[in-house]
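Assemble the whole structure, with the sequences as input and the hints as a guide.
Protein chains: 4
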Amino acid sequence: MQIGFLGTGGMGAAIARRLQTAGHEVHAWNRSPGALRALVTAGVTAAPDAAAAAAQPVVFSMLADDAAVFAVLEQGGALAAFKPGAVHVNMATISVAAAQKIQALHVQRGVGYVAAPVFGRPDAAASGKLHVLAAGAPDALTRVRPLLEAIGQRVWPFGDDPVRANAVKLAGNFMLAAAIESMAEASTLAQAHGVAAADFLGLMSETLFAAPAYKTYGALIAQRRYEPAGFRLRLGFKDISLALTAADATVVPMPFASVLRENFLDALAHGAGERDWSALAEVSARRAGQGAGS
Amino acid sequence: MQIGFLGTGGMGAAIARRLQTAGHEVHAWNRSPGALRALVTAGVTAAPDAAAAAAQPVVFSMLADDAAVFAVLEQGGALAAFKPGAVHVNMATISVAAAQKIQALHVQRGVGYVAAPVFGRPDAAASGKLHVLAAGAPDALTRVRPLLEAIGQRVWPFGDDPVRANAVKLAGNFMLAAAIESMAEASTLAQAHGVAAADFLGLMSETLFAAPAYKTYGALIAQRRYEPAGFRLRLGFKDISLALTAADATVVPMPFASVLRENFLDALAHGAGERDWSALAEVSARRAGQGAGS
Amino acid sequence: MQIGFLGTGGMGAAIARRLQTAGHEVHAWNRSPGALRALVTAGVTAAPDAAAAAAQPVVFSMLADDAAVFAVLEQGGALAAFKPGAVHVNMATISVAAAQKIQALHVQRGVGYVAAPVFGRPDAAASGKLHVLAAGAPDALTRVRPLLEAIGQRVWPFGDDPVRANAVKLAGNFMLAAAIESMAEASTLAQAHGVAAADFLGLMSETLFAAPAYKTYGALIAQRRYEPAGFRLRLGFKDISLALTAADATVVPMPFASVLRENFLDALAHGAGERDWSALAEVSARRAGQGAGS
Amino acid sequence: MQIGFLGTGGMGAAIARRLQTAGHEVHAWNRSPGALRALVTAGVTAAPDAAAAAAQPVVFSMLADDAAVFAVLEQGGALAAFKPGAVHVNMATISVAAAQKIQALHVQRGVGYVAAPVFGRPDAAASGKLHVLAAGAPDALTRVRPLLEAIGQRVWPFGDDPVRANAVKLAGNFMLAAAIESMAEASTLAQAHGVAAADFLGLMSETLFAAPAYKTYGALIAQRRYEPAGFRLRLGFKDISLALTAADATVVPMPFASVLRENFLDALAHGAGERDWSALAEVSARRAGQGAGS
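Chains as they are written, first to last, in my numbering: chain A, 24 to 317; chain B, 24 to 317; chain C, 24 to 317; chain D, 24 to 317.
Calculated directly from the structure, the hints in this document are not laboratory data.
Mixed in with the good hints, there may be bad ones.
Copies of the same chain look alike in the list, so a pair counts if it fits in one copy or across any two.
DSS-like, lysine-lysine: derived pairs with alpha carbons at most 30 Å apart [stated by the list, open to error]:
no., residue 1, residue 2
1, Lys-106, Lys-124
2, Lys-106, Lys-238
3, Lys-152, Lys-261
4, Lys-152, Lys-238
5, Lys-261, Lys-124
6, Lys-238, Lys-124
7, Lys-238, Lys-261
Bear in mind that the values here come from a model prediction, so they are computed numbers and not experimental data.
In structure tokens:
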């Protein structure tokens with residue numbers, strides 16, 4: 024199948040490559056063309072501009088945030104290039120409001136819209152281990168489902184309203200950040216009583232919390248190893264902000280999310296924006312006087 | 024071996040029984056004697072009073088809280104009955120300050136003291152699946168370690184200061200409560216966007232959070248099934264209070280723990296003290312206007 | 024002087040009238056014309072449309088929020104009607120980002136911009152008791168200063184960057200909301216110990232807290248008298264959201280503001296949006312089981 | 024009248040002196056006798072021990088905390104020295120639980136008990152400007168009321184249960200700490216937008232917040248002048264802890280108090296325990312990267 028792909032950063036590139044490996048012809052575009060070179064070597068076609076990528080019958084996008092999405096769709100001319108009957112699969116973590124607006128723009132022009140955010144880091148994408156959340160009109164979803172299955176280990180459908188997949192993604196990322204903060208506070212308390220963070224977090228992530236979220240981030244926190252970033256703290260703050268905005272719109276108090284907001288800001292004010300978001304744990308240590316330079 | 028056992032509520036009874044099954048002669052005592060009957064039928068000896076149980080060479084205790092521990096040790100006469108050279112294995116979740124005081128009392132009289140709190144609910148105790156944290160003087164710990172291994176699937180040693188095992192237990196229970204609150208807020212947000220809590224929590228606990236803590240409590244929250252209580256909310260509040268007190272004493276800010284404190288109080292004020300502590304999730308739903316009778 | 028006035032709700036009408044009483048010819052416009060009738064009777068001229076009001080040499084505006092401001096300026100045609108050399112005095116509590124954008128739009132066309140948010144409720148406006156915060160280019164500010172002095176008991180200048188006046192207004196409204204929450208929690212605690220809220224809040228607002236903020240809201244909370252609203256809770260939530268957004272943009276953690284956000288959402292979810300914002304106090308009472316219908 | 028006085032630190036000394044100036048014979052005792060010298064010069068009698076002071080018909084005490092009170096009453100022998108019919112006026116900020124226990128001990132021996140905590144700093148005590156909260160059995164209260172009126176500018180009775188006066192004092196101190204935190208967050212936000220803390224806090228404490236609490240602490244925060252301490256941060260943390268404990272016992276969620284708890288711990292972990300408690304404001308500045316050495 025001919026597939027357009029908008030946005031080939033770390034995650035986007037890994038996904039585009041899996042589609043190509045699965046036998047599709049992928050026409051990829053990226054704002055800074057450097058990110059395309061390795062893909063082209065691997066057999067992906069470089070689209071001359073965003074509109075050319077958007078003119079394919081199925082178009083994936085993996086762009087950084089709301090602003091990037093609208094920059095490409097509106098100023099970049101991609102929106103007008105979609106053909107009636109095409110399907111746009113948007114994998115980015117964007118706001119609920121943006122998802123609603125994009126869907127409305129497409130509906131006017133007879134373009135299908137599927138929200139398909141994913142759980143997993145770039146290495147999971149490369150090895151086909153992503154979990155793909157998917158929501159959208161049934162016919163559009165049916166059409167792209169085989170492609171989503173080629174990308175991930177499992178597709179989790181959430182009905183015909185794309186917004187639901189976005190809300191699930193934001194709620195899930197909130198849970199990940201909450202797990203990081205929870206490990207941070209608990210291991211700071213343990214350390215204050217003479218128990219090394221590695222011993223404490225080792226116990227927890229082998230027993231009650233023997234799950235990927237705790238194993239991955241527990242190890243990074245115990246070793247204070249925040250570089251290179253798997254997912255940048257600045258983007259983690261963005262996602263918590265999106266979760267809080269979605270909570271405002273639906274009148275849901277989220278006190279843990281508010282604590283996360285405060286602590287992300289503390290981390291940003293102390294220069295951690297480009298570190299892995301598990302560096303959130305340093306806030307807890309620093310406030311207790313345990314941090315480097317606290 | 025002759026073993027004394029003080030406190031045979033749900034957890035205590037299951038553990039006493041495992042010791043008896045492993046070939047030891049267990050002399051058990053409980054404040055309300057009704058709880059002993061089933062044990063006696065199973066072959067455990069009923070001690071006539073707390074002092075008789077405390078006169079054995081190794082004495083386990085699993086009492087509800089600091090007050091219960093001191094009531095049995097001091098007013099109940101158990102403390103004076105310990106023999107020099109005996110070892111007291113205290114499995115209760117008590118305060119760090121109480122652990123320090125009990126250890127000091129025993130040291131004066133030549134009695135060994137091992138703190139051995141556990142992770143696991145009564146059914147895990149019955150089937151030998153507990154995780155046992157253990158800290159205390161090396162000789163005392165060496166002597167009781169085979170007994171701890173008979174009780175649990177694994178023993179996690181934390182050095183010679185008993186307080187460390189208590190701190191680890193409190194930090195771990197804090198992480199459990201934080202997981203409950205995290206699922207509560209996230210599923211309230213998902214529900215507000217039209218996604219059923221069961222669908223959302225099902226996804227999370229099969230993927231990033233595929234661990235016992237999330238599977239167990241995620242199912243209870245999704246079904247709003249808080250009775251019968253595996254662990255009562257009133258005791259969960261007690262444990263968060265102990266964690267906060269330990270944090271005060273070591274000057275550790277714990278904002279998530281403070282949010283949990285507020286929400287446990289909200290739950291208690293709305294009559295949930297005797298429910299399972301996963302009923303904490305109802306606070307989130309009620310505040311968002313989703314609760315029954317919110 | 025000829026003065027345009029956009030937005031004559033409760034606050035706007037009271038201010039427009041003071042300008043007219045001070046001898047100026049006020050050309051007022053309001054989206055729903057009903058709000059103009061009483062003003063016209065009092066001698067104010069009804070402008071036929073927003074553009075006619077905006078064509079005066081000095082133009083005041085008091086519109087509800089960012090969206091209303093842009094609706095009038097852009098869709099409503101007011102922006103294009105401003106004359107070079109005119110001064111726009113914006114009294115609304117708007118976001119810092121909106122203030123920056125409006126200023127930029129005016130600068131392009133040679134129009135002066137003064138941000139002049141106020142502290143005080145409509146009765147204070149009617150009696151000239153407002154405190155007026157003012158920031159903007161020195162020449163524009165100098166020109167409108169006598170008008171601001173006619174409106175309020177005192178003008179507080181904050182330099183030439185309009186954004187500063189907006190930030191001060193948001194920080195001040197945050198302090199008011201924090202005072203309400205503080206009284207709510209403290210009087211809930213006092214009541215739980217048998218001390219009537221009126222007795223407790225009476226003591227505090229006659230002694231350490233003998234200030235307008237505490238006297239005004241303390242009395243409303245003690246009497247649980249939230250209607251009619253002097254300032255609607257829904258708008259209070261908006262202002263806390265604007266403060267949090269300004270804090271995000273400048274990387275400032277504000278944990279009290281986050282607690283206020285959660286409690287405003289709780290109040291909104293329980294139907295208090297149109298009550299006076301001191302009804303925030305009911306959240307505290309309800310969570311403690313003291314509320315009506317808690 | 025013959026009056027005993029236990030505890031002549033800063034506040035105690037000022038109050039003892041006022042009683043002496045009002046014509047009473049004051050028998051004062053203090054743990055470290057150095058604090059008595061200046062009082063003796065002023066005409067106060069030095070009691071040879073705590074029991075001698077406690078043997079007077081009316082006995083005031085102003086001791087640092089629960090532990091100090093029980094050390095003097097029990098280990099120090101004061102309790103047994105009280106005469107039947109005497110009245111004990113306890114001015115310290117102690118826990119609700121301690122107040123209940125002391126009252127019970129006195130009732131057994133026919134001694135009256137009045138809780139009389141005060142609002143005001145030592146200079147207010149010296150000039151008779153304290154506000155005295157008072158609760159206790161009517162006959163005891165009637166008997167000591169003229170003495171309380173000699174000490175303060177006004178006596179605020181709260182009925183016959185001494186605990187009420189303690190609860191009011193804790194709720195009031197919570198409100199003071201909340202005012203400090205509120206000013207800290209708001210002025211950090213203002214500063215981030217280019218407005219000096221002194222300008223912002225000056226405006227607020229001359230207008231909506233023109234009250235002693237805001238004027239006093241607003242000036243200290245604006246000048247970052249935390250030494251010498253009028254009231255030490257360490258004691259402020261103690262009082263917030265007592266408020267939280269009283270809230271626990273009566274099932275009252277207090278999210279602002281929990282934020283204060285976290286921030287006091289942060290301040291303590293950064294060495295501010297002996298500074299004035301308005302140094303709490305430095306936590307806000309440091310977290311935002313505005314602090315000295317943040």
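Each hint, compared with the structure:
1. Lys-106 - Lys-124: Within one copy only: 18 Å inside a chain, 35 Å across chains, cut-off 30 Å.
2. Lys-106 - Lys-238: neither (44 Å within a copy, 44 Å between copies)
3. Lys-152 - Lys-261: Classified as within; 24 Å inside a copy, 41 Å across copies.
4. Lys-152 - Lys-238: both (16 Å within a copy, 21 Å between copies)
5. Lys-261 - Lys-124: Both. Shortest intra-copy (19 Å) and inter-copy (22 Å) distances satisfy the 30 Å Cα cut-off.
6. Lys-238 - Lys-124: neither (37 Å within a copy, 36 Å between copies)
7. Lys-238 - Lys-261: both (24 Å within a copy, 28 Å between copies)
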